[in-house]
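In order, the protein sequence lines correspond to chains A and B. In this text, residue positions in the first sequence follow this note's numbering: the first is 1, and each later residue adds one. In this text, residue positions in the second sequence follow this note's numbering: the first is 115, and each later residue adds one.
Just so you know, these hints were derived from the structure itself, not from any lab. It is possible that some hints are incorrect.
Unchecked claim - The following label-pair restraints were derived from C-beta to C-beta distances: (1) B/166 / A/14: 49 to 55 angstroms; (2) A/30 / B/193: 33 to 39 angstroms; (3) B/188 / A/5: 30 to 36 angstroms.
As the list claims (entries may be wrong) - So the derived list for chain B, only partly shown, Cβ under 8 angstroms to chain A, looks like this: (4) 156; (5) 158; (6) 159; (7) 160; (8) 164; (9) 190; (10) 201; (11) 211; (12) 212; (13) 213; (14) 214; (15) 217; (16) 221; (17) 224.
All C-beta atoms, glycine included, are put in the ideal place defined by N, C-alpha and C.
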Amino acid sequence: DTEVTQTPKHLVMGMTNKKSLKCEQHMGHRAMYWYKQKAKKPPELMFVYSYEKLSINESVPSRFSPECPNSSLLNLHLHALQPEDSALYLCASSQTSGRYNEQFFGPGTRLTVL
Amino acid sequence: DAKTTQPTSMDCAEGRAANLPCNHSTISGNEYVYWYRQIHSQGPQYIIHGLKNNETNEMASLIITEDRKSSTLILPHATLRDTAVYYCIVRVGNYDKVIFGPGTSLSVIP
């Protein structure tokens, strides 16, 4: 299995809702990543987990809360989002964190905040 | 942090080689050059990476200049399915970080 899966594919939520994005990989990778991508812009790194510990938080607002329950699973909990948070949220994984390892990306969750 | 510059857009005729340039003049000696592409509405896809030698795989070839200040990704026989945004990336000092630049939008034309 060489896939990163993300659910849901699409999500529409109000500003007062709480929702979660899910990412899963079964490649034995020990590093997992969340990116945010606005329309016609490159992906921007949000968080990095290495061996299930948060290693990088790119000054992301606290309304985004990542969680890595085990080495195969990565969640992004969303609460009190703003309309400008509407974007494609991409998950990626790599064998380990390191400059030699390519990242495998999932198809993304397209989030719309009303 | 090494930064990259790429043309905003390029066209290539179907069946011809697509040569995508990237400048990374501030690259450090131990930083790798990576190429990814993103087809519309999909997640980015890894293509190839290299340090200083030229590299080839089933998808593409990567040519890195001797001074490592620039590189070229070559798709030898472009097809319509190669239409995508191509990102040249240099892994920064904290090597967990991957910073995508604006990329080159490649259009393969029939």
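Regarding the hint that residue 201 of chain B lies at the interface with chain A, is the smallest CB-CB distance below 8 angstroms?
holds (6 angstroms)
Do the numbers back the hint for residue 164 of chain B, that is, is its least Cβ distance to chain A under 8 angstroms?
Not OK, violated: residue 164 of chain B not within 8 angstroms of chain A, min 11 angstroms.
With 8 angstroms as the cut and Cβ atoms as the points, is residue 156 of chain B at the interface with chain A?
Residue 156 of chain B check passes; min Cβ-Cβ to chain A is 6 angstroms, inside 8 angstroms.
Is the interface hint for residue 190 of chain B satisfied, with its Cβ closer than 8 angstroms to some Cβ of chain A?
violated (21 angstroms)
Distance restraint hint 33 to 39 angstroms, applied to the beta-carbon atoms of residue 30 of chain A and residue 193 of chain B
Because 35 angstroms falls inside the window, the suggested range holds.
Is the interface hint satisfied for residue 221 of chain B? The criterion is a beta-carbon contact with chain A at less than 8 angstroms.
violated (15 angstroms)
Residue 166 of chain B paired with residue 14 of chain A, Cβ distance criterion 49 to 55 angstroms:
holds (52 angstroms)
Evaluation of the interface hint that places residue 212 of chain B against chain A, nearest CB under 8 angstroms
holds (6 angstroms)
When the least beta-carbon distance from residue 160 of chain B to chain A is tested against 8 angstroms, hint result:
holds (4 angstroms)
With a cut-off of 8 angstroms on the beta carbons, see whether residue 224 of chain B makes it to chain A.
Constraint on residue 224 of chain B not satisfied, violated at 24 angstroms.
Hint says 30 to 36 angstroms; check whether the CB-CB distance for residue 188 of chain B and residue 5 of chain A agrees.
holds (32 angstroms)
Against chain A, run the beta carbon of residue 159 of chain B and see if the smallest gap drops under 8 angstroms.
With Cβ-Cβ at 7 angstroms, under 8 angstroms, it holds.
Figure legend: structure checked against the earlier numbered hints; hints not met, in rising order: 8, 9, 16 and 17.
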